[in-house]
Each structure stands twice: as C-alpha cells, then as structure tokens.
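So you can see what is in the structure, the chains are spelled out below.
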Amino acid sequence: MKMRGLLLGVLLWHGTAGGALRAEQTVATAAPLGEVNETYGRSDVAGGDLVGLSIGSAEWFDPQNVRIAVSPKDSVLCVSAISRDGLYFARTPYQKPPEAFGAREVRLTPFTVKFEDQLSNFNMSDIALLALQASSAECFEPDALYLPLLEQPEATIVRLNAYFNTGNQDIAMTLTDDGSGRQTAARCSKPDGARIGYDVICRVYGLKLGNQGRTVTLDFTLDDGLQTTPLSYKILLPSAPEG
Amino acid sequence: MAADRDIDSGLAHWLGKLRTHYPPYHLLIALVISGLIFGAIILTTGWGSPMIALEVRSNFVSYTVGRPAIAAIAVQDAVVSDRDRALLCGYGKTDEKGTRLTARIMPSQGDIVEYVWNKGFAIIRFRSPPEKTGPHLDMQVQKQPICKIDSELSLYLFDANLTEMPPLPLVGPGQIGAELGMQPVPSQTKSDLPTWLTQQAPADAELGVSNTRLLLDGTARVYGRTNLGSDGNLYPIPDSDFNLPRGSRLTTVDGTWLTGTVTLATTGEGFDVRATTEAQQLRLYRIGSQEQAETFATGVLSRAFRDPSAAPILLFVGIFVVVVQILLALAAIEKKGPEG
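Chains as they are written, first to last, in my numbering: chain A, 22 to 264; chain B, 349 to 688.
Be aware that one or more of the hints could be misleading.
[Said to hold, decoys possible] Short derived list, chain A residues pointing at chain B, Cβ under 10 Å:
| # | residue |
| --- | --- |
| 1 | Asn-189 |
| 2 | Gln-190 |
| 3 | Leu-196 |
| 4 | Gly-200 |
| 5 | Ser-201 |
| 6 | Asp-213 |
| 7 | Ile-217 |
| 8 | Gln-248 |
| 9 | Thr-250 |
Think of the hints as simulated: they come from the structure by calculation, not from any bench.
As the structure is a prediction and not an experimental result, all values here were calculated from the model.
For every residue, glycine included, the Cβ atom is placed at its ideal position computed from N, Cα and C.
Please put together the full structure from these sequences, using the hints given.
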C-alpha cells in the first residue's frame, strides 16, 4: 500500500510539473553527504574481506545509474567501491531521501564526479560496490545490514554476486534464506586479469525476489590449508519490481 | 621487340620526369629497393613462436591437471589433518599423535593441485573444480585396493620428507605466485599451528606459516624457434633474460601449459620451480600504476638475425651486395679506360 501511495504521489507531482511519467523516474535519488570521496590511480586503499555485493547479471557498469536496494528504515547509506585492478577507490556516505520511504531502491546521484570516463569502461565484474545501512555518516556499524547493488533493477529472478578478498586462500560461501532457512551453496571463481582489489567472485544463481523484501545471510569459510575462518554477513534482498 | 622498347621508353620517360621534379632521385629508388628486401627478410624469418624457460622461487604454485598420469604424487609419511582422516578408507598409520600416510595420490583431469610452502613444511592440496561432482582422487597404498576420494584433500610434508621425494609435477595450465594484492584482514590465531601438525614435526624443525603467497624471485629466458626449412627447432637468443619482480604472478592464458617440476629450494626458502611454456601465452601480472599484465617477447628483428635457419638468406644478401659493388667498380674503370 505504501508503495502505491508513493507511486501515486510521484505521478501527481509529475502531473503538476508537466513531466512525462516513466517507470524509472519513480526511483528516488540519494545525494552524497558532503563530497564524493573517490580516487583513481593513487588508491587510498584500506583492507577488507567482503568488498562488493550485487544482484543481477549486467555486462557493463553504468556510473549514471547506480541503484542499490534499501530497507524502509531511515538511514545513512555507506557506499564503498573498489576496482579489480585496485586503481579506483571510493568511499562516500549518502543520505537516504525521505521520499524513498517504503521504496525498494534508490539511485546514487552522483556516484562519480571525476572518473565517469574510466568507470564507463568497466565490466560489471571489474568493479565491486559495497553498501551498508548505518545510523550516522561515521559508518561504524558492527552488525550492519548490507545493501546489494541492483545491476538489473527490472529483474525478478537474479544472480547474487559477492566480491571477496581472500589473499589466495580457499573460500566457500553459503546463502541462507533467513525466512525459510533454505541453504544454497555458491560457486566461487577467480576473475581474469590482475587481482588486486579482490581475488574471488562467489555467485548464487536463480534467486527469486518475493513480494516483500527479505534478508539472507551469507556465510563464508576461509581456509588457508591449516585452519578455517568463518565470516557472516546479513544481506537485504529487495522485493520484486512492480508491474 | 616493340613492346620491350615501349616499356623501356616508358621507364626512361618516368625516370626522366622523376629526375626533373626531384633531383636526388637515387635516394628514392634505394629506399624502395631496400624496403622490399627488408620486408622480405622480416616476413620470412622470426615468426616461430618463442619458448620461455622459467627458473622461479615461489612459495605458491597452482595448476590444473593436464595429464593425470604425470600428476600422480607418491607421498612418504605425509601428515593428514584430523578433518581429512575420515577420507582415507582406513589407510595410513594413526596413533595418539595423529595420522601419517604413505601412498600414491592420483588426481584426475581438470583437478586443481596447489603447492604451498611454509617454514619447515609444505602443503599439497588437491581440489576439484566447482562444476565437478563425485570422486576425483584415487589413492593407492601398496597391495591394497584403490580408495576413491570425493572431496578436497590436504597433505602436509615436512622438509625432510619432501627432499626425499621425486620432484612434484607441474604439467598443465597454471600460475606461479600471486600478486601482492589487497591483504585480507588477519585472523588473530593465524600463527598458532594445529597440534596434529606440530606433534608430528621432527624435534629440530622450526615451523612457521607464510601468510602471503609470493613469487620470491626468478628469471625467464626466451628461446627462439626456427621457421625455415626445419620445423621449429629451438635456438638460444643471447641477452634475453627477464628478471621477475617479487610479488608478481605468472599465469598462462588460453589453456597453455606450464611444463616442469617443483622442488624445495636449496636455500631452504620457498619452492624451486623449473618450467617451460610458450612465451606469447605467458602473462606476468605485476603491481604498476596502470597496466598490470606483461607479455614476454623479443623483437621480430632480434629473432630474425639470430634465427639459424635464416642465416643462409642473410649470408646470400651480404655476399650479393659485396659482389655487386666490386662489379660496378670494375665496370666504371673499364668505361673510363686506362688513362683515367
């Protein structure tokens, strides 16, 4: 019902503004809190295990249309990105706009200010983007809910991609549906080319988005041959697109 | 005859025109002729795909099994972890300290075999690719039936055992070392070695874990391949050594194999990897500001002049030039007459 209300509101607003109504215009935009913090070529790199999350299987990265899933909770969206070759790095908090209340997704505008040319040439698997829901722009969130990038916002059955930095250890990933408890094992493989920002992409195929958004848990097991290290992340899966 | 005269007069006419418009016309003609000869030499020589010989010290080697018969490893007194003990069909000697295994392990086509060096011991891991299900390893103990293993298996070999074994095989598409990428967050218990390993170690052994899987150092030497008359004989190209920087990764592309062996380095640090592969399908990933993948190549020209099969052609050109010079000089003297 909330979604309908929002749609109606946007429709009316567009009606008064005289703009033509298109489906994608219903996506609210989130603006950066402060400046877009990004570098290319001289990376301000910090360590991380999970460096990227996305759903969908688009071929190219579109810096003009970076959409991430959001939950109804009012929050700051902490977005970080790193390219596979380690050259591009970004870490910017965005403010979720009030008109996005109840929406399944927001568009990050602008995602990049200085490096649009470079980013437009990136394959989807060449860049990892990680967003999490935080209470403040400090982005210090011990039990964060992670928000995946929507590669194909119109898709209902999607592939989940997790970009991970293992230091060439073995990795296994399992996805557990928090509602049904169903578990799916992921397929992990090493991307081609230089592996600086991350060295493994784990994928779960055939995830169906429901009428309601839901959360899933990703369990990683890192194995260096001597011992295993478990890691766990909670991910938001958005509701299926309407229409 | 008439046609000949036409061509003659045509050429003479054209030369005359060239002379009036561009007085140093000899230069132009010489340029065209030498261009043709140079092109012919380049086109006919130096195209054999060069081979590369690697001599690398690394603490990490990984390859995909290309020929199962060669990939079999006979291990002597390998330590098996508590977790993997159940996979062994009851083979191996188990006591209160742990399990030791003396057997032949045979991975199947497409399996991934990894060698990881640590201080005092090495890990050999057999993994099956994600798309493969069911048993992938055969394990054979003397006078016993074959035990089939359907999951990942890790074997731990102390230096003393490893030096007694034949070299570890490396035959298939693979990688040596891993680029120094973003390091994972270290776990706090990393340096605590499991007791099933430390209890088995020789009394004087010092054990430690190498957290980074580095290529330590090495050289790559390129060999040319002949392509005239004989089919692809190798020949050395002098001064064609490449130094491999520490922290880079060597990877073959397009399914090209690395062919060689892996032993413990005599310095006691890392593996000593000796392998050959096709130079054009080997990539060196190193950390740079922009381009990270390097291909090994020596110029067509340097190969053209070193190619033994091209030597007769080059020799002929050389002799021809000298003889023509002498004949021209003689003709000039004859024309002038004895008085000069």
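Results of checking the hints against the structure:
Taking 10 Å as the C-beta cut-off, the interface hint given for A/Asn-189 holds, the closest approach to chain B being about 4 Å. Checking A/Gln-190 against chain B: minimum C-beta separation of about 7 Å stays under 10 Å; hint holds. A least Cβ separation of about 15 Å between A/Leu-196 and chain B goes past the 10 Å threshold, and the interface hint is therefore violated. Nearest Cβ of chain B to the Cβ of A/Gly-200: about 27 Å, over the 10 Å cut. The hint is violated.
With a least beta-carbon distance of about 24 Å to chain B, the hint placing A/Ser-201 at the interface is violated under the 10 Å criterion. Hint on A/Asp-213 holds. Least Cβ distance to chain B is approximately 8 Å, under the 10 Å limit. Here the hint on A/Ile-217 is kept, as its CB sits about 4 Å from the closest CB of chain B, short of 10 Å. Hint on A/Gln-248 holds. Least Cβ distance to chain B is approximately 7 Å, under the 10 Å limit.
With a cut of 10 Å, the hint placing A/Thr-250 at the interface with chain B holds, because the nearest CB-to-CB distance is about 5 Å.
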